[in-house]
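Undergrad: With the hints as extra help, turn the sequences into a complete structure.
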Amino acid sequence: MEIIRSNFKSNLHKVYQAIEEADFFAIDGEFSGISDGPSVSALTNGFDTPEERYQKLKKHSMDFLLFQFGLCTFKYDYTDSKYITKSFNFYVFPKPFNRSSPDVKFVCQSSSIDFLASQGFDFNKVFRNGIPYLNQEEERQLREQYDEKRSQANGAGALSYVSPNTSKCPVTIPEDQKKFIDQVVEKIEDLLQSEENKNLDLEPCTGFQRKLIYQTLSWKYPKGIHVETLETEKKERYIVISKVDEEERKRREQQKHAKEQEELNDAVGFSRVIHAIANSGKLVIGHNMLLDVMHTVHQFYCPLPADLSEFKEMTTCVFPRLLDTKLMASTQPFKDIINNTSLAELEKRLKETPFNPPKVESAEGFPSYDTASEQLHEAGYDAYITGLCFISMANYLGSFLSPPKIHVSARSKLIEPFFNKLFLMRVMDIPYLNLEGPDLQPKRDHVLHVTFPKEWKTSDLYQLFSAFGNIQISWIDDTSAFVSLSQPEQVKIGIQAML
38 MEIIRSNFKS
48 NLHKVYQAIE
58 EADFFAIDGE
68 FSGISDGPSV
78 SALTNGFDTP
88 EERYQKLKKH
98 SMDFLLFQFG
108 LCTFKYDYTD
118 SKYITKSFNF
128 YVFPKPFNRS
138 SPDVKFVCQS
148 SSIDFLASQG
158 FDFNKVFRNG
168 IPYLNQEEER
178 QLREQYDEKR
188 SQANGAGALS
198 YVSPNTSKCP
208 VTIPEDQKKF
218 IDQVVEKIED
228 LLQSEENKNL
238 DLEPCTGFQR
248 KLIYQTLSWK
258 YPKGIHVETL
268 ETEKKERYIV
278 ISKVDEEERK
288 RREQQKHAKE
298 QEELNDAVGF
308 SRVIHAIANS
318 GKLVIGHNML
328 LDVMHTVHQF
338 YCPLPADLSE
348 FKEMTTCVFP
358 RLLDTKLMAS
368 TQPFKDIINN
378 TSLAELEKRL
388 KETPFNPPKV
398 ESAEGFPSYD
408 TASEQLHEAG
418 YDAYITGLCF
428 ISMANYLGSF
438 LSPPKIHVSA
448 RSKLIEPFFN
458 KLFLMRVMDI
468 PYLNLEGPDL
478 QPKRDHVLHV
488 TFPKEWKTSD
498 LYQLFSAFGN
508 IQISWIDDTS
518 AFVSLSQPEQ
528 VKIGIQAML
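Take any residue in the sequence shown, note its place counting from 1, add 37, and you have its number in our numbering.
Calculated directly from the structure, the hints in this document are not laboratory data.
It is possible that part of the hints are untrue.
What the hints assert, rightly or not - In silico DSS-like links for lysine-lysine, alpha-carbon gap of 30 Å or less:
1) LYS248 x LYS216
2) LYS450 x LYS112
3) LYS96 x LYS162
4) LYS280 x LYS119
5) LYS96 x LYS119
6) LYS257 x LYS319
7) LYS216 x LYS280
8) LYS260 x LYS248
9) LYS51 x LYS119
10) LYS319 x LYS388
11) LYS319 x LYS119
12) LYS224 x LYS248
13) LYS293 x LYS271
14) LYS235 x LYS293
15) LYS162 x LYS257
16) LYS132 x LYS95
17) LYS388 x LYS132
18) LYS385 x LYS319
19) LYS372 x LYS480
20) LYS112 x LYS480
21) LYS215 x LYS257
22) LYS385 x LYS96
23) LYS271 x LYS224
24) LYS385 x LYS396
25) LYS396 x LYS95
26) LYS162 x LYS271
27) LYS119 x LYS293
28) LYS95 x LYS319
29) LYS257 x LYS186
30) LYS480 x LYS442
TA: What follows is the structure in structure tokens.
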């Protein structure tokens, strides 16, 4: 199901229902780019430590935008032994809510945009119809703005919002504004004396002048009027004053409060979906999902923390159970029977023996995917495929039980060893980032740090170390690389060879 700004509110209840009834979710994101500086090979060096990898991604990848979020929910039907899926494609864009809202800056990478365009990605659905969002700090600031507005309105026909700090004595008016305020008071007096007129529209004025009006009316007219700020078509703000009795005033204030709550919810936007996923505490599946997780936390919760340990703590608070299918497929007992762990190839391999493809059906009213057509890089489809891969591998684990188990649920202890371990791309000796504890610390006494002229190529390094048999090279930049020798005892000889 495609969700954009214009149909987000009308379909939000369907999203909430899908999340509530699901056994687990699969997610995927599409981004405006991957790296704002280093090449992907430099960004993902084979001998990065987990801390180094986190710092690189934090520095060079977080200024891109996650602008399509795929969510596929899976619910097992025990009667028919099949999964019922509901797939969603959310187009997301940080449209400013008002003039004081954050005006988000983000970067694009031409290769990423070109690739998505070649896949038929509709960028208008992002930039014209993307669902807005706020992180938690932005939401807090917006709520404070509304509280301040209510505080200004206290007393001026808005007694339901009176705060302990509201002044009930005459406000001090600057000399250059006295004439303006006197004219406003005179107009209100005329309104109250008139039997024909019930409303008064003041001329558009500055925010400071509106504040003075609210404060003045707060003590001068505690009852009998309702005061509200509206906008013209040209986005100019003006005040409307209405004669009302106490019952009508309360009704209008209730309407105003309801409208403000609706506006707040609209501004929080897509973040409400992420909050619902997080609050469910259910298993969230992804494929090579470290970047997906980092972007999701960064965009919809708060900026990423300074160090890895804080990131781990924050992530497990937001998503208590994560599972990465790329790591799962790269680990025993799958490692020896799965040669290619890219999502498309993994999906194909898991349809063959010894695996059994799961029985899956789309819920009524939701589009079904045909895996033969390969709609890869549509986030909803990738999430769907990721979920299928998880089911096939989880059920394969059940074949080792005695008696064998055909269906392994998302709550089974068989899959717990894979929880909260995120695949580390291209790291040679640390397969995953452990969100729940210390990371692996392999010995690297067989690795040399080598510097060389800028003109050198990989073949030059292989030639230099040709006497040492099988070596592995990880480029750092144009003039340095890590060279991994097959045996630690070769290191001294290797150093002498370079001198």
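Undergrad: Give a verdict on every hint.
TA: Status of the hints after comparison with the structure:
no. : hint            : result
1   : LYS248 x LYS216 : 15 Å, holds
2   : LYS450 x LYS112 : 18 Å, holds
3   : LYS96 x LYS162  : 28 Å, holds
4   : LYS280 x LYS119 : 63 Å, violated
5   : LYS96 x LYS119  : 43 Å, violated
6   : LYS257 x LYS319 : 55 Å, violated
7   : LYS216 x LYS280 : 24 Å, holds
8   : LYS260 x LYS248 : 18 Å, holds
9   : LYS51 x LYS119  : 21 Å, holds
10  : LYS319 x LYS388 : 26 Å, holds
11  : LYS319 x LYS119 : 19 Å, holds
12  : LYS224 x LYS248 : 17 Å, holds
13  : LYS293 x LYS271 : 22 Å, holds
14  : LYS235 x LYS293 : 19 Å, holds
15  : LYS162 x LYS257 : 50 Å, violated
16  : LYS132 x LYS95  : 23 Å, holds
17  : LYS388 x LYS132 : 42 Å, violated
18  : LYS385 x LYS319 : 27 Å, holds
19  : LYS372 x LYS480 : 22 Å, holds
20  : LYS112 x LYS480 : 43 Å, violated
21  : LYS215 x LYS257 : 15 Å, holds
22  : LYS385 x LYS96  : 35 Å, violated
23  : LYS271 x LYS224 : 24 Å, holds
24  : LYS385 x LYS396 : 15 Å, holds
25  : LYS396 x LYS95  : 39 Å, violated
26  : LYS162 x LYS271 : 26 Å, holds
27  : LYS119 x LYS293 : 48 Å, violated
28  : LYS95 x LYS319  : 26 Å, holds
29  : LYS257 x LYS186 : 18 Å, holds
30  : LYS480 x LYS442 : 39 Å, violated
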